[in-house]
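Once you've looked at the hints, dock chain B against the given chain A.
There are 2 protein chains.
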Amino acid sequence: MITLYHHPLCPHSRFVRLLLGEYGITPELIEEKTYERRREFLILDPAGQTPVLVEQGGIVVPGAGPIAEYFDETRGLALGRHRLLPEDPASRVEVRRLCDWFHQKFFHEVTNWLVTEKVYKRYMPRERGGGAPEMELVRAARTNIRTHMRYIGYLAGGRKWLAGEQLSHADLAAAAQLSCVDFLGDVPWEENETAKLWYARVKSRPAFRSLLADRLPGLSPTAVYADLDF
Amino acid sequence: MITLYHHPLCPHSRFVRLLLGEYGITPELIEEKTYERRREFLILDPAGQTPVLVEQGGIVVPGAGPIAEYFDETRGLALGRHRLLPEDPASRVEVRRLCDWFHQKFFHEVTNWLVTEKVYKRYMPRERGGGAPEMELVRAARTNIRTHMRYIGYLAGGRKWLAGEQLSHADLAAAAQLSCVDFLGDVPWEENETAKLWYARVKSRPAFRSLLADRLPGLSPTAVYADLDF
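Chains as they are written, first to last, in the working numbering: chain A, 1 to 230; chain B, 1001 to 1230.
Pulled out of the complex, with its shape left as it was, chain A reads as follows (with noise of 0.2 Å):
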C-alpha cells in the first residue's frame, strides 16, 4: 500500500493523485494539515510540506517533482506508450519546463494567494497567520489568472497536450492547479476556449474522479466544479 500525506486544497498533492490515478494506483490518503506542524509529520519530511508519499518498504518520497521523478525512474516503462514523461532528453526538457511554470510560477502567482487568503486564513489560529482575506492578494491572483489561461490555450491550441502529442506530467500539474482554483470558483472560464476544451479532457480522466469527490468542512466547491460539461 503506498500512502501519501496531501491536504485536498494543495495543488502538488492533487498533481500526485491524478499522477498515481494514471499509475492506476489508490493511495492511502491521510490529510495533513501542514500550519499545524505535527511532530510526526514533520519527522517523516523536515520541510513539513505536502505532499508526501511512503512507498511499500517505506521509502519516504517528498515533493510533486521528486514523486513524479520516482515513479518514472520506478514505473516509467510498465505504462508503455503512455508513459508520462517522454524519451527524449529534449522533450523531457519541455515536460519539466512545464512543470516548473505550473508548481511553481502558476502556483506563486496565483493558486497559492487564493488557497491561502480564501481557505487556510478561516482554520489558522491568528498567531499562525490566521484572519481575513487580504482581498488585495486575491484581487491579484484573479488578473493573473488570465494570462496563464491564454497561455495554456496557445500551448493547447498547438498540440494535442500541453507538452506535446502525449499526456504527461505537464497535463497533470497544470490542471492540479486549476481543479484548485475552480474549486474556489476563481478560473475564467470564458477567457479561453482552448484551454476550457483542453481541461474538459483532462477532467474526463478517470484519474480525476477522487478530485471530483473533494469536499471540506464548511466549504462547498462551485456548481461547474464536478460537472464534466461546464
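Hints in this document: simulated from the structure, not taken from any laboratory. Glycine included, each C-beta is placed from N, C-alpha and C at the ideal position. Among the hints, erroneous ones may be present.
[What the hints assert, rightly or not] As a list, the in silico DSSO-like pairs of lysine-lysine whose alpha-carbon atoms are at most 30 Å apart: (1) A/Lys105 - B/Lys1118; (2) A/Lys121 - B/Lys1105; (3) A/Lys105 - A/Lys33; (4) A/Lys105 - A/Lys118; (5) A/Lys160 - A/Lys196; (6) A/Lys105 - B/Lys1121; (7) B/Lys1105 - A/Lys33; (8) B/Lys1105 - A/Lys105; (9) A/Lys118 - B/Lys1105; (10) A/Lys105 - B/Lys1033.
[Unchecked claim] Some chain B residues judged to face chain A by a derived CB distance under 8 Å, without partners named: (11) Ala1047; (12) Ile1059; (13) Val1061; (14) Gly1063; (15) Glu1069; (16) Thr1074; (17) Ala1090; (18) Arg1092; (19) Val1093; (20) Arg1096; (21) Arg1097; (22) Asp1100; (23) Trp1101.
Chain B only, in chain A's frame:
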C-alpha cells in the same frame, strides 16, 4: 559552445555554473536583468527567469532543475563514479529532496529576500518595485538562515556530502544559495562549524572559481567571500 543566460546574484544561475564546472564545461555567460523583461529573452523562455541554458544545437533548457536533469541524462554516465545524481532510485529521491529544499525553501526564506531587498531594488526603476530595502525582510532572512545552517551541519555531520557519500546536485544547490548570501556578508559562519567545514570543501573545488571572481558594478563582496580559509 553552451550559452548560459544568468545573473551573478541569481542562486539558481550559480547552481548551473557550478554544475557546468563539475562537467568541465565553460559556458558563454550572458548577464540578464530579468526585471527589464527583455523581449528576446522572453521569446527564449516565456517565464522570463534566469538561468536559461542554450545547448549547442539550439535546445533551450530553462531552470535549475530541468538543466540538472538534462545534463545527467545526456552526460551523466560520462562522469563515471563522480556522477552528480546517483544510480539508485532512493538515493536520487534524497538528492532531489535536498535540491528542492535549497532551490525553493532556502531561496524563498533567505536568498530571495536578501538579494531583492539589498541589491535588485537598487537597480530597478521605482515603478517596477525599486527603492529602499525593507529591513524587516532582511532581518527575517538573517534569522531564517540560522535554521538552515544547522540543518546543513546536521546533514554534513552524518554523511560525507549533503545527500550521501558522493558530491551531488544537492551540495551544488546548497552552496549556490550560500555563496549569494556570503557575497552580501549575511552568512552567520559562527552558527555551525560542521556546515562551515562542508562549505569550505565545496568552495575549494575548481568549479567554484568563476563564482569567486564575480563582481557587480558599485557592489563589492565581503572580505571572506573569495577567501578559501574564511
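Hints versus structure:
Among the hinted pairs, A/Lys105 with B/Lys1118 is consistent with the structure: their alpha-carbon atoms are about 23 Å apart, no more than 30 Å. About 21 Å separates the Cα atoms of A/Lys121 and B/Lys1105, which keeps this hinted pair within 30 Å; it holds. With a CA separation close to 23 Å, the supplied pair A/Lys105 and A/Lys33 stays within the 30 Å bound. For the hint linking A/Lys105 to A/Lys118, the alpha-carbon distance of about 19 Å falls within 30 Å, and the restraint holds.
With a C-alpha separation of about 14 Å, the suggested pair A/Lys160 and A/Lys196 falls inside the 30 Å cut-off, and the hint holds. The hinted pair formed by A/Lys105 and B/Lys1121 meets the criterion: a straight-line CA distance of about 21 Å does not exceed 30 Å. Between B/Lys1105 and A/Lys33 the alpha-carbon distance is near 18 Å, which keeps this suggested pair within the 30 Å criterion. Among the hinted pairs, B/Lys1105 with A/Lys105 is consistent with the structure: their alpha-carbon atoms are about 15 Å apart, no more than 30 Å.
A C-alpha spacing of about 23 Å is found between A/Lys118 and B/Lys1105, which places the hinted pair at or below 30 Å, so the restraint holds. Of the pairs offered as hints, the one joining A/Lys105 and B/Lys1033 holds, with about 18 Å between alpha carbons and a cut-off of 30 Å not exceeded. A least Cβ separation of about 6 Å between B/Ala1047 and chain A falls short of the 8 Å threshold, and the interface hint therefore holds. Residue-level restraint check for B/Ile1059 holds (minimum Cβ-Cβ distance to chain A is 5 Å; threshold 8 Å).
Among the interface hints, the one on B/Val1061 holds; its C-beta lies about 5 Å from the nearest C-beta in chain A, closer than the 8 Å criterion. Here the hint on B/Gly1063 is kept, as its CB sits about 5 Å from the closest CB of chain A, short of 8 Å. A least Cβ separation of about 6 Å between B/Glu1069 and chain A falls short of the 8 Å threshold, and the interface hint therefore holds. Hint status for B/Thr1074: holds, given a least beta-carbon distance of 5 Å to chain A, under 8 Å.
Nearest Cβ of chain A to the Cβ of B/Ala1090: about 5 Å, under the 8 Å cut. The hint holds. Proximity of B/Arg1092 to chain A holds as hinted, the smallest CB-CB distance being about 7 Å (cut-off 8 Å). Taking 8 Å as the C-beta cut-off, the interface hint given for B/Val1093 holds, the closest approach to chain A being about 5 Å. Below 8 Å, beta-carbon pairs count as interface contacts, and B/Arg1096 has one with chain A at about 4 Å; its hint therefore holds.
Using the Cβ-Cβ criterion of 8 Å, the hint placing B/Arg1097 at the interface with chain A is satisfied: the shortest such distance is roughly 5 Å. A least Cβ separation of about 5 Å between B/Asp1100 and chain A falls short of the 8 Å threshold, and the interface hint therefore holds. At about 6 Å, the closest approach between the beta carbon of B/Trp1101 and any beta carbon in chain A falls short of 8 Å, and the interface hint on this residue holds.
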